[in-house]
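Engineer: Each chain, written out:
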Amino acid sequence: MSEPSNPGKSALDRRSFIAAAAGSAVAAPLSARAAGSDANTSVVSDATLALDVILRVNGRDRQLSCDARTTVLDALRERLALTGTKKGCDHGQCGACTVLLDGRRVLSCLTLAVAAQGHDITTIEGLANGDRLHPMQQAFIDQDAFQCGYCTPGQIMSAVACVMEGHAQSDADIREYMSGNICRCAAYPNIVAAIKQAAPQILKG
Amino acid sequence: MQPFSYQRVADPAAAIQALSNNGGKHSPLTSGAVQVLAGGTTLLDLMKLDVMQPAAVVDITPLSTGWSEVRLDGDTLRLGALARMSDVAANAEIQKAYPVIADSLKLAASAQLRNMATLGGNVLQRTRCTYFRDVSYAHCNKRDPGSGCAAMDGINRMHAVLGTSDHCIATYPGDFAQSLIALDAAVEITGPAGNRSISFAELHRAPDNSPQLETTLRPDELIAGFTIKGRWPRSVYLKVRDRQSYEFALCAAAVALDVQDGIVRDARLALGGVATVPWRAAAAEAQLRGQRLDEALASRVAEVAFAGARTHPHNAFKIELGRKVVTRALQQAASMEI
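Residue numbers (the numbering used here), protein chains in the order written: chain Z, 53 to 257; chain V, 17 to 354.
Pulled out of the complex, with its shape left as it was, chain V reads as follows:
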């Protein structure tokens, strides 16, 4: 690990002031010289690997008293950025009103990591692409823009089939983000000019020509929290992986349904483990509205969800697997007793 200076801040203004040393607002947040430390489970791992080499680390955990709230007020849920994954997963109100959120958190990582990791840090978790994580590979457009992509002709079994570009096929690794994008969460962001709010779908950037740009956050901004309107008791997170537990998704589906008298009034579907960013399958959702959900419709929707998927030598299986995961998740949600 490269040497760094350590700063602990007790208020958001001090954190933003420290981050202002990151310079140009168009430089990517993730390679900034000043990095925010919360749970540390991604940052310290990548610093040990020399993938990230910040000159300064700003520890924002003292903010957690005010920034870790979980509040369900009527039909509005607010989740503070510094709430720990384990605490939110264990929250009885969340389990009842938003099973997709509770399960996406519970099925991620290990108990120890969930005790450490925060919600804000979790959505910014960086890809597990081997070629990104190992600096002895010279070709990684995310680490070193313009250097190429070793995954294209390498071992790409775990890589993405949706949202890819000719420059990067690294999979977005998280689970919780799929719940947020499915439920149309808003992201509260605080920065030098005050607070702003964006749709969660606007937070991550697909790789396109600039895989090093992973989010639309500016280098001097912090995620303060997430807000969700409406309750989604009929929702599931189905995650299929190489192991039963403690593994990243091969394919995962976040599904939320509003069903009345057997007819789908509203439907949300997001995919994990198969895309370069948290992936909302909007065209597939549209097929569900106003329909009676049966197995035939579920499998048609699953076809639509993977339309346009682009495979590489080792990951073509993800399309068939993904369709089955979507079909099963839709049926599970439809048959839930709520």
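Just chain Z, same shape as in the assembly:
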């Protein structure tokens, strides 16, 4: 295989960037998270050093030390032992890694852990209330809305958000707004049925 071309490399040395950048922005430790204010603090990290990151996952602050490259998906699965969130394509194409960030559905594979600080992350592990399943989880079971189950956590997280957004008004609406979650087993008709079952219960609160 030929050597990959390397357009992004330049003469800019990483340490000199840090030095230059630190001159204009106040360098603050990344772990200095004061609820809400963190997002407004200028921070500079060095590519060669691990970052201290605090993620608020399912209502709990979780501390980890990680490389800047770590995605929320890898932080959840590899560092926090929350393996419910699945890695499918790792490129934002399949939806298996869907989580809620401040209540909005996003792709954890394209979200950097360091950039997700100060936000509330909800994963499939955070949906149930003790032993009582979330209405969407129960509906997926009732409607047999999966076969192999690999895409299911992402489907369920996406489905919860789909209902909350008001995008579960009709079958066509559900299909359009759930198109970012791919199911290779093609359980789609049953997924639509599950969302229709759960939607009134979720909206009723």
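Just so you know, the hints here were simulated from the structure itself, not pulled from any lab data.
Bear in mind that the values here come from a model prediction, so they are computed numbers and not experimental data.
Watch out, some of these pointers could steer you wrong.
Here are some of the chain Z residues that sit facing chain V, going by a computed Cβ distance under 8 angstroms [as the list claims (entries may be wrong)]:
1) G155
2) V158
3) L159
4) L162
5) V166
6) Q199
7) C200
8) S210
9) M216
Glycine included, every Cβ here is placed at the ideal spot set by N, Cα and C.
Since the structure of chain Z is already known, use the hints to place chain V on it.
Structural biologist: Quick look at chain V alone, frame taken from chain Z:
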């Protein structure tokens, strides 16, 4: 993914200062050593593929409080660069006064991606050309200037038929940009020398001899927002693709009409999925002004829109398909109840 340093900035001046490390102002923004992170949906994807390898990433999302406004003030619309695609698509005022904008955003990507992606990042989204995205292909003039173009003799079904050159036929992939170019939006740009404004049509560069140069932005500039004068309630975005949803366009048309007493007073037409850059079909628009729009005129206009199209072995179908999309989009716009 290659290692990078991460910086989060809380004000535009700090972002521009960080970008000043990108060096020469004539170097292409997209291969700069310092890259801006907003939604991250293009940047992190391409970094995982090693197509982009910045030494430093500047996270500008803390600016979003002031930079994500959607404001319709009289007949002037302002869209902040950090507004999320989903929020703008769901805005009731936009849906009423600018259906072409709301639909071009709604029909792009998936719900998750639209929640993440920002308007500024969206217009700078990079091509989906397979040969560009896969670094194991040695020949890509966009990635490696002068190396050749693997798409010319490769699988080029998805590639462009308008605005191509002998060096690149990569399709501009976005949808929203077609609305902006059709409505003659202005782009507000902030940089070390202050703010400047350009017409949206001046933002992207056709490949010509330098496919690696994709925009006229300098490496130390940020898009701050977009401004549109006038309301366009009679407008549509029609997107035809291989799947019903969550797919890039084979051909798309952004149409905006001002019709009075059955006569077209002003007409805007832009094409997506078929060109190397957001493509305004100005000659085709000119055919519409002062005319009564019927099916015969719509199909004549569609012919003009694809005059000069240049095909490759697998994408010749885009001309016929494109003409039909333009014809249908014009008729849809003309028959809208507003």
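Engineer: Identify every previously stated hint that the structure contradicts and give their numbers, smallest first.
Structural biologist: Those not satisfied are hints 1, 6, 7, 9.
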